[in-house]
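Protein chains in written order, with our numbering: chain A, 9 to 118; chain X, 9 to 118.
Don't take each hint at face value.
What the hints assert, rightly or not - In silico lysine to any residue, SDA-like type, Cα no more than 20 Å apart, as pairs:
(1) A:K112 to X:K112
(2) A:K112 to A:H92
(3) X:K77 to A:R56
(4) X:K112 to A:E51
(5) X:K77 to A:L55
(6) A:K77 to X:R56
(7) A:K77 to X:L55
Hints in this document: simulated from the structure, not taken from any laboratory.
Bear in mind the structure is a predicted one, so any value in this text is a computation, not a measurement.
There are 2 protein chains.
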Amino acid sequence: MRGHGWRSVLRRRRERTSRNGTISFGPMSGMLFVVATPIGNLEDITLRALRVLREADLIAAEDTRRTSKLLAHYAISTPTISFHEHNSRQRVPELIGRLEAGAKVALVSD
Amino acid sequence: MRGHGWRSVLRRRRERTSRNGTISFGPMSGMLFVVATPIGNLEDITLRALRVLREADLIAAEDTRRTSKLLAHYAISTPTISFHEHNSRQRVPELIGRLEAGAKVALVSD
Numbered sequence: 009m010r011g012h013g014w015r016s017v018l019r020r021r022r023e024r025t026s027r028n029g030t031i032s033f034g035p036m037s038g039m040l041f042v043v044a045t046p047i048g049n050l051e052d053i054t055l056r057a058l059r060v061l062r063e064a065d066l067i068a069a070e071d072t073r074r075t076s077k078l079l080a081h082y083a084i085s086t087p088t089i090s091f092h093e094h095n096s097r098q099r100v101p102e103l104i105g106r107l108e109a110g111a112k113v114a115l116v117s118d
Numbered sequence: 009m010r011g012h013g014w015r016s017v018l019r020r021r022r023e024r025t026s027r028n029g030t031i032s033f034g035p036m037s038g039m040l041f042v043v044a045t046p047i048g049n050l051e052d053i054t055l056r057a058l059r060v061l062r063e064a065d066l067i068a069a070e071d072t073r074r075t076s077k078l079l080a081h082y083a084i085s086t087p088t089i090s091f092h093e094h095n096s097r098q099r100v101p102e103l104i105g106r107l108e109a110g111a112k113v114a115l116v117s118d
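So here's chain A without its partners, still in its complex pose (with noise of 0.2 Å):
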């Protein structure tokens, strides 16, 4: 995924925003979180974890039946996108522009 990464893109990002050399990345008011979720037993998962779930804007999830599982078992209605190796180069800007807009993307991999 060499230059399609969240890296490049955010290097890209400040590279066009910002002016001075001071590193910036532009009016990116949203949040990112990285989510652990179960991997067998959906008991295990903290109370923070699924308030942040819930809380979330839009779940980028590397497999949406799996996660839709855990989602439905927990009555979270959060809407979900894939998000995996395969659709990244697409997604990564996409979700950037997310956050940018202010939005709390929470980031789950199996």
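For this one, chain A is given, so just place chain X on it according to the hints.
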């Protein structure tokens, strides 16, 4: 704690109860649960950990005051007993006695 840990007590019990060299822990029908608890944020605890603490007959805690705050926060009324390096010589046989009597014991360490 040479000779006074769980292992040595279990070994002595085993030697006392085994007859034909089989490994046996006697009528130990209880269960010992090792429960991970939050270091800082009280939200950083899993639903399973809360259930185990709630359903246990006894919580052996390294620091009962600290653990009591956690339990009070989640309205868990399971009795606690202190269990740390300075009283383990006395406590280990007690706790094994409880386990043999069928108790569910949760072990919480800081």
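Right, here's what the structure says about each hint:
no., hint, result
1, A:K112 to X:K112, "violated, 41 Å"
2, A:K112 to A:H92, "holds, 19 Å"
3, X:K77 to A:R56, "holds, 18 Å"
4, X:K112 to A:E51, "holds, 19 Å"
5, X:K77 to A:L55, "holds, 17 Å"
6, A:K77 to X:R56, "holds, 18 Å"
7, A:K77 to X:L55, "holds, 17 Å"
Consistency with the previously given hints fails for number 1 only.
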